[in-house]
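Chains as they are written, first to last, in my numbering: chain A, 1 to 415; chain B, 1 to 298.
Honestly, the hints are just simulated from the structure, not real lab data. Be aware that a few hints might be false.
Unchecked claim - Distance condition first, Cα-Cα at most 25 Å in a straight line; then the derived DSS-like pairs of lysine-lysine:
1) A:K105 - A:K57
2) A:K400 - B:K79
3) B:K44 - A:K400
To be verified - Examples of chain A residues toward chain B, derived with CB under 10 Å:
4) L318
5) S352
6) Q387
7) Y391
8) P397
Said to hold, decoys possible - Only part of the chain A face toward chain B is listed, based on derived beta-carbon distances under 8 Å:
9) A274
10) D277
11) E280
12) L388
13) D403
Computed from a predicted structure; not experimentally measured. Using N, Cα and C, we set each Cβ at its ideal position, and we do this for glycine too.
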Amino acid sequence: MDVNNLGVGSGIYLDNNATTRIDPKVIEAMMPYFETYYGNASSQHGFGVPVEKAIKKAREQVADFLGAKYPDEIIFTSCASESDNTVLWSSLWTQKDKDEIVTTKVEHPAIIDTCSFLADRGVKVKYLSANSVGDFDEEEFKSLLSDKTALASIMWANNETGNIYPVPRFAEIAKERGIMFHTDAVQAVGKIPINLQETKIDLLSMSGHKIHAPKGIGALYVRRGTRFLPFLHGGHQERGRRAGTENVPYIVGLGVACELAKSHLEELNTRVRALRDKLEQGIVNTIPEVIVTGDKTHRTPNTLNVAFKFVEGEAILLMLNEYGIAASSGSACSSESLEPSHVMQAMGIPFSAAHGTIRFSLSRFTTEEEIDKTLAVLPAIIERLRQLSPYWNVNKPQVKQADHLFDPDSQEVRA
Amino acid sequence: MWDYSDKVKDHFLHPRNARVMEDANAVGDVGSIICGDALRLMLKINPVTQVIEDASFQTYGCGSAIASSSALTEMIIGKTVEEAEKITNQQIADYLGGLPPEKMHCSVMGREALDAAIANYHGKSYEQSHDDGEIVCHCFGVGINKIKKAVWENHLTTVEEVTNYTKAGGGCMSCHMRIEEIIDEVWVDLERCGVPRPGHAPTPIPSIKIKTVSSNAQASFDSATENSPFKAEILKILADVQGGLPAGSKVELVAIEDHNVKVKLQGEIAQGMMREMTLSFVEKKLVALDDKFKVVGV
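So that you can see chain A by itself, here it is in the shape it has in the complex:
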């Protein structure tokens, strides 16, 4: 096994919140739209007909998956980031008397970075804070809303901790005040049941590649009656709400992926949840000084975020990768930024733990054997890195000449 060249059939993939394996059934459904049906859906001839039909079917599949009342409430986009950007801009363009956005400190960069971009250009952005398990306070949310609020945007599930937020409730609160409500549901769809008809949610973003469709396709739900202006201007595609010739094979793939996600929802909440719980229990029982972050009572069934104190996340990932095991880390070193993840910071996770957070995220392709293998190697990896760490002093001799103590709770910075 070449650990720097992994794919289907090799390695253990526990990073499904980053992206997922494309389901072979999705690829199968897409192929005719590469090989045979290359027409343009807008064409007035026989080449356009099968393509137009395929898009219509995919739109119905996505609408059905999300519980949207009408298929035309679904707009295909290139990714969830595009959906998020569209919503933020559209809410401001369509309500000229409003210039405030209410969101949270633990959103995905597609929301949080776009908001800070808008904030630099005069939009007032208010951030809902998270408590130590990453949850929000309903009263604080109410206090942030005002008659100047153009949009409230709260993610449905968090990518790092897996926390599921009471988004339908937040949508009701916003609606009572006549405020447009959006949710970034990228990490929620396919993991928890969603029925938009029964909620007051106006707008929802989702991505294909988190639910076993390919990268480069996403969707935006826009409830009928919601003020909307397109982000991309040009052709009349998507009822004039998103210009650009439809990405037909990917739209077909997204439709099939949604149908599959719906049929596997039960499996995710039983078999996959049991595997996640087994992984969690295995870690907590065999490795000392670990913290499971997030709200253990309201988590997506596939996500486990653990902080291994006194060791650094990137080092853990590198060692896991030697065994072909893929996960991700909120540590500073594993990203281009030098600070630990903004989600861990918002939750007030101490630095001694935040740098050592590892996220394991499972999927319907995860097997029990893979979880067992992970549990077999993880304790030794953590033990080995702790043996190297000056913050871990269990069973280690003292150095007489040392005039300083490495204290994990200290705020000191040397050199």
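On the provided structure of chain A, position chain B as indicated by the hints.
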């Protein structure tokens, strides 16, 4: 994923000298859990020969931090303290077959641990031996001296590079302007030492004309002039005279032959009566120094 060299991976997966050395006589502690990396370097220095006979480390940090620590111990074992002190962070990185630019701070941390250990060996506390100077980056607690050293040793030209090497500026970014100023300050000195600043053109400030001094002002003189015991004083007198001349005029030393001083005049003073007046004025000044002086215009 980071693109680490095979040597970095090897030192990370099989770290050399990773252990606690109970009887070390030099211990250097640097880093912090806040920054996400920390290193304790332990040395056994022979007090007679000053040779580093053994070195070991304990490191909290990413793959490249562990690899840099491991490499450092291999590099210094067998060296004298004096020799070890000459190792630069770039040499640590080179030893590992290079580090990704964002990870250069790991090699800097290794270098600092060595400084701290040597200070500890000499009985100095970290605080005594360490002068951070003005704290520039408050997010990561980086002082001006560390930034200046990194810029000086590695010829850094951008804030991004400074962040890669020292972490300074990697948090709230409010110190970026200050870091730019520090880079400029260090480069003034580097350029004086003959290091050309890559791609640097000073930003022209509109509506302010900067007067430039022509570079041939320091023209070379013949050996008789160079060796003249009066050269410095004559140049000073000419500079004083120059200060009183009308704009566009210039008086320059050409040569000193014993007590005959040849000068070149330029501009309106080079003609007619002005010429005679200037030459006699200069001669008068020189005679005050030594009455044998004669001034000749060329």
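Is the shortest C-beta separation between A:A274 and chain B less than 8 Å?
Cβ of A:A274 sits 30 Å from chain B, so the hint is violated.
Any CB of chain B closer than 8 Å to the CB of A:L388?
Interface hint status for A:L388: holds (5 Å vs cutoff 8 Å).
Please verify that hint: A:E280, Cβ, nearest Cβ of chain B, below 8 Å or not.
25 Å, violated
So, as I understand it, the hint says A:L318 touches chain B; can you test that by seeing if any CB pair is closer than 10 Å?
5 Å, holds
Tell me if A:S352 is really an interface residue toward chain B, meaning its C-beta lies closer than 10 Å to one of theirs.
With a closest approach of 5 Å, the A:S352 hint holds.
Measure nothing beyond the straight line between the CA atoms of A:K105 and A:K57; if it is 25 Å or shorter, mark the hint as holding.
37 Å, violated
With 8 Å as the cut and Cβ atoms as the points, is A:D403 at the interface with chain B?
Holds, because the Cβ-Cβ distance from A:D403 to chain B comes to roughly 6 Å (cut-off 8 Å).
Should the interface hint for A:P397 be scored as holding, given a Cβ-Cβ cut-off of 10 Å against chain B?
This hint holds: A:P397 lies near chain B, its Cβ roughly 5 Å from the closest one there, short of 10 Å.
Is the interface hint for A:D277 satisfied, with its Cβ closer than 8 Å to some Cβ of chain B?
29 Å, violated
Report holds or violated for the interface hint on A:Q387, using the least CB-CB distance to chain B and a cut-off of 10 Å.
Where the cut-off is 10 Å and the nearest Cβ of chain B is about 7 Å from A:Q387, the hint holds.
Closer than 10 Å between Cβ atoms is the bar; does A:Y391 clear it against chain B? Give me holds or violated.
Holds: closest Cβ of chain B sits about 5 Å from A:Y391, inside 10 Å.
Holds or violated: B:K44 with A:K400, Cα cutoff 25 Å?
12 Å, holds
Violated hints, in rising order: 1, 9, 10 and 11; the structure is consistent with all others.
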